[in-house]
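Chemist: What follows is the residue order along each chain.
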Amino acid sequence: MIEMLLILFAPLIGGLLYGFERIVRARMQNRQGPPLLQPFYDMYKLIDKQAFIVNPYHSILGIMHFVTLWIVVAFIILGQNLLYVIFLHLLSTIFIILAGFSVKSIYSHIGANRELLAMLAYEPILIMMAVGFFMLNGSFDISIIREKEASLFPLFLLFLAYLTVIPIKLKKSPFDATEAHQEIVGGVEIEFSGVFFEFLYMAKWLEYIFVYLLLFLFAGNNILLATALFLIVFLLLNLIDNATARIKMNHLIKIVLGVGITLGMCNLLGLSYV
Amino acid sequence: MYEKYRKKSPWILHYNAGSCNGCDIEILAALAPKYDLERFGVINTGNPKQSDIFLITGPVTLRSRERIVELYTQIPEPKVVVAVGSCSCTGGVFRDMYNVEDGVDRYIPVDVYIPGCAVSPELIIDGVVKGLDILEQKTKEMEKPFKLFQEATTKDGITSRRETPLRVGEDNEKN
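Line by line, the protein sequences give chains A and B. When we follow our numbering, the leftmost residue of the first sequence carries the number 1, and every step to the right adds one. When we follow our numbering, the leftmost residue of the second sequence carries the number 1, and every step to the right adds one.
If you're looking for bench data, these hints aren't it; they were derived computationally from the structure.
From the structure, some residues in chain A lie toward chain B, with a derived Cβ separation under 7 Å:
no.: 1; residue: Q32
no.: 2; residue: K45
no.: 3; residue: F197
All C-beta atoms, glycine included, are put in the ideal place defined by N, C-alpha and C.
I would like the entire structure built from these sequences, with the hints used as guidance.
Modeler: Structure (structure tokens):
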């Protein structure tokens, strides 16, 4: 019952988290910031706006992106297979990339290209994470991973590798070249408007839920550790977002692939020998 | 039903129509931490398809007028146009020059004029807040095309295309 409620209200929780994060970021810059419910005000406004449809597939793929992400979040909450979750999340990213390529806008194409390149960088790390959990717990099932002891210590290097993935998924600097709001005006989201942009906006909130639910896997059955991990990562992420500038796409791939795969492989090799 | 939420999340599109950059710097100052327009929910989107308020600075130069109309048509309804600075209101010191179009309202309808050279960030905030009131009143019906005149009809010997024909010597104030 609680699981169903959590699944149903996942976008709302994500929206609250996004609003809270905007306040935290504003306070870090010594300003007041928008109200907590600002994402929902944006949502209502976007529903009311006129919507331009560039082509039907573009709009439908945007909605599919949102729906698939919601299913991903539901699968994690229900404790399904971790590999399924990661590949289904890959599918949701592919939908948005196809949407980016389905219009003529050059910015949209650049954004979709960058999204593909970023996927190339972070997907191996997510898969290595799943393999690490499998070697430790003997199962890909999230429900089993959640019942076991906290795996933060044996998977610490993979945890560090996962920390480099989070800014890419949440479009935070220094790894926000996929969105790059000043250069390519949001990348794939440029041609969406009105209620169709609303689905992309809500998908962004679901990304927050997805990322932090994967983070909670490192804490296992330890709720206290999960809360501490969430707080530390949340503050660290916003601090780094405020303190750093955007880096180029090729540097992003080099850093994330280089650091992430090295750390992940070290961890997996260590696990296989211990 | 959703009208009251328009006021709470205005997203801004900012376009420089040949401005000297003075007003643009003031707009950025209004968005920056000191004046913090984001506390009203304002985001500076660079994307016309997701914007509500169109801030234009500068006298409209010949090169930029097509872009202005193009950007204006790309903003979905309801939208508000704010002319920032003396130049975009009237042409300012560049009025009647050969390469300048004397203000934005020759090409697109303007809702709020903010005078000043350069405008202060406080005035920009006031202007944007004024624009929010207008945004709340606007409905999509307002933007639909309608017929200004009817077919020509003859009534009482007067041929007119108005609903109530204007008579000679009648008070013209109603029209």
